[in-house]
Amino acid sequence: MNQVVNIARWEYLTRIRSRWFIISTLLIPVIMIVSMLVPTLLMTSEDTESRLIAIVDGSAQYGHLFEQMITHKYELKDGRPKYQIILLQGRDYAEMKGQALELLDSSLVTACIIIPEDLSESRELRYYAKNLGNFKDQAELQITLQDLFIRQRLVDAAVSEEVIDSVTRPLNFTLMEIGKEGEEQEADELLSFLTPIIFVLMLFLSIFMSSQILLRSVIEERMNRLVEILLSSVSPTQLMAGKITGLGLLGLTQVGVYLVLGQVVSTFQGYAILTSESTLFFLVYFVLGYLFYAAIFAAIGSIFNSEHEAQQASSLFSLICILPIMLSSYVISDPNSTTSVVLGFIPFITPFIMILRIGVEMPQLWEIIASILVMAVSVVLAILAAGKIFKTAILVYGKRPTLSVIWQWLRT
Amino acid sequence: MITLQNVTKTFNHTIAVDHLNLKVPKGSVFGLLGPNGAGKTTTIRMIMNIMQPDSGTILLKERPLLRSDFRNIGYLPEERGLYQKTKLRETIHYFARLKGMSAHAALLRTEGLLEQFDLLGYADRKIEELSKGNQQKVQFIIAIVHEPILVILDEPFSGLDPINQLKMKEVIHSLHEKNTTFIFSTHQMEQVEKLCSEICLINAGQSVLEGPLATIRRNYGAIVVEIEFQGDREKLAELPLRIIELSDQRLRAELNDSRQLNDILPQVIQRVTLTHFRLLEPSLEQIFIDRVKGSSKS
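Protein chains in written order, with this note's numbering: chain A, 87 to 498; chain B, 175 to 472.
If a hint is listed, it holds; no wrong ones were tucked in.
Taking lysine to any residue pairs in the SDA-like style, the calculated list, with each CA pair at most 20 angstroms apart, reads:
#1 B:Lys306 x A:Glu306
#2 A:Lys477 x B:Leu239
#3 B:Lys261 x A:Ile102
#4 B:Lys259 x A:Arg103
It is worth saying that the hints were derived from the structure and are not from the lab.
The whole structure should be built from the sequences, with the hints applied where relevant.
Right, here's the structure in full:
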């Protein structure tokens with residue numbers, strides 16, 4: 087036990103003083119948050135360039151009205167219209183269409199909308215663009231056309247201008263959330279989406295930074311053969327336990343820094359991102375997730391001869407863990423669906439999914455307890471298996487053991 | 175101190191150590207000699223419990239080694255490395271602690287050794303800033319920091335300059351005087367002749383020659399006589415000697431034993447004018463080469 091403490095202290099102290107550790111601990115979250123926020127901010131920010139849109143108007147009715155409507159509706163900061171329309175009408179439909187597509191092809195216009203002759207019956211509009219990923223523009227154009235169409239049909243039906251205005255006036259849709267004490271407050275859509283993601287990214291980072299350091303530390307000792315001296319002083323089990331403990335405490339320190347920073351930011355901003363509950367769960371899932379991955383990475387480190395080789399195996403596991411981040415939009419949108427609940431019980435991703443779910447909406451108590459149990463059992467199994475591999479592999483150099491050899495070690 | 179009985183280790187159908195028997199007496203400086211690939215490092219790793227023998231037993235003071243015994247054993251592996259990013263003083267201190275020393279004792283001992291090895295000035299430097307020779311001294315310090323009763327050194331002098339070799343030998347001597355047992359492996363024979371009291375010569379995993387160095391010299395080494403003379407060298411060629419070298423002024427030849435000299439010298443004097451003669455001690459290197467060649471022939 088004493089030796090485990092000695093090793094843990096050594097691993098912790100030599101790492102925590104490293105300048106790179108301090109820098110990356112502080113910088114990585116900043117980089118991650120910035121890289122998440124910047125695109126979102128850019129997408130929601132005002133545009134500075136107006137777009138040329140070609141309209142082929144087969145109906146000889148809507149094109150002109152659309153031009154009037156859209157140029158007034160959306161304006162750039164400097165007052166110029168956001169959309170400028172090149173209207174093609176009154177000639178042969180096919181010829182106009184060909185001409186419009188040529189304009190698009192030569193990039194003179196950013197998009198081209200085809201309004202057919204029989205819009206009232208077919209209700210079919212076509213939108214052509216080189217970039218079909220500009221959802222914001224598409225939505226604005228679509229809403230305006232829809233609006234125009236409804237208006238025009240009402241005018242055709244001889245409904246009065248007043249009624250039309252009152253019918254087509256948009257509804258306000260305010261997002262509200264209910265706080266802890268039942269108080270209502272206006273919600274920030276962006277924030278309620280980002281909070282769980284920030285949490286899961288922080289968890290991912292803390293777990294993987296510590297596990298990667300563990301992996302590197304095992305490989306370093308294997309490569310410089312210090313492991314021979316170490317193992318003439320302590321048992322492999324003590325060595326592994328000491329390393330996992332020391333670097334786990336390192337990870338906890340990192341988590342502590344993040345939680346304090348989070349608290350400072352949320353107090354400063356007036357948002358209650360961190361609650362004592364979410365902090366507690368974060369710590370619980372960090373410890374479980376870290377122990378699980380640390381065991382796996384310690385075993386990987388004991389098998390491979392160089393960091394380069396091991397990196398390939400470890401990146402496989404890191405990829406598995408990116409899965410929850412990729413699934414995050416789904417889990418956030420529907421945290422209590424059967425899929426979300428089931429995902430929360432898959433050991434490799436349990437901590438991440440559960441933190442996501444907790445960040446959105448507190449799951450049922452049984453789900454939390456069950457997920458912790460699943461994780462605890464997985465941790466025990468992972469540590470037992472890793473211990474067996476580590477003990478045998480740590481001093482084996484040269485040829486890397488095959489999977490079947492490793493399987494034999496596990497069975498002994 | 176250490177006894178190996180019938181120890182065998184095989185790697186992928188190659189026998190590295192083949193039914194090896196060894197007896198390292200307490201307080202001895204024991205040299206494990208052999209050419210590259212003879213099984214020296216494997217033997218040491220088995221003693222250090224880094225590898226398990228396939229068969230045979232390794233005993234410490236007539237009983238199997240326990241994990242706790244390793245607290246009293248120091249080890250310098252053949253392939254060397256250290257943590258590069260940590261400071262000298264704290265690295266030595268860490269290994270002393272791992273060997274079970276109290277924090278205070280470890281600190282005192284670390285300071286003492288740093289001073290003894292002229293490393294105090296580097297104590298707070300990172301190890302990567304040290305020269306290779308100094309790093310090697312640090313590794314040696316780690317092997318002896320906990321005042322072990324047995325120190326195992328695998329090729330300790332390779333890569334060290336003469337001054338530092340001398341320093342290391344001094345320390346080995348002074349520890350030896352305090353009854354510390356040393357085992358070291360080497361293929362550098364001069365080191366062994368100067369340091370060892372006992373040797374074991376192994377080749378292809380088997381012991382070829384074992385015992386106190388003096389006995390081995392007496393029993394296995396051919397005595398060489400070197401004679402310088404003036405006169406006709408052809409007259410010497412007819413002497414009943416195993417001649418190694420015969421030139422215009424010099425004759426080198428092997429004697430069966432030292433008594434033969436009494437018969438030979440008068441005959442030499444009769445034939446030529448003797449200007450100088452001396453007996454050469456059998457060199458371990460010659461014994462080594464003879465035995466290794468002999469054993470690979472058989």
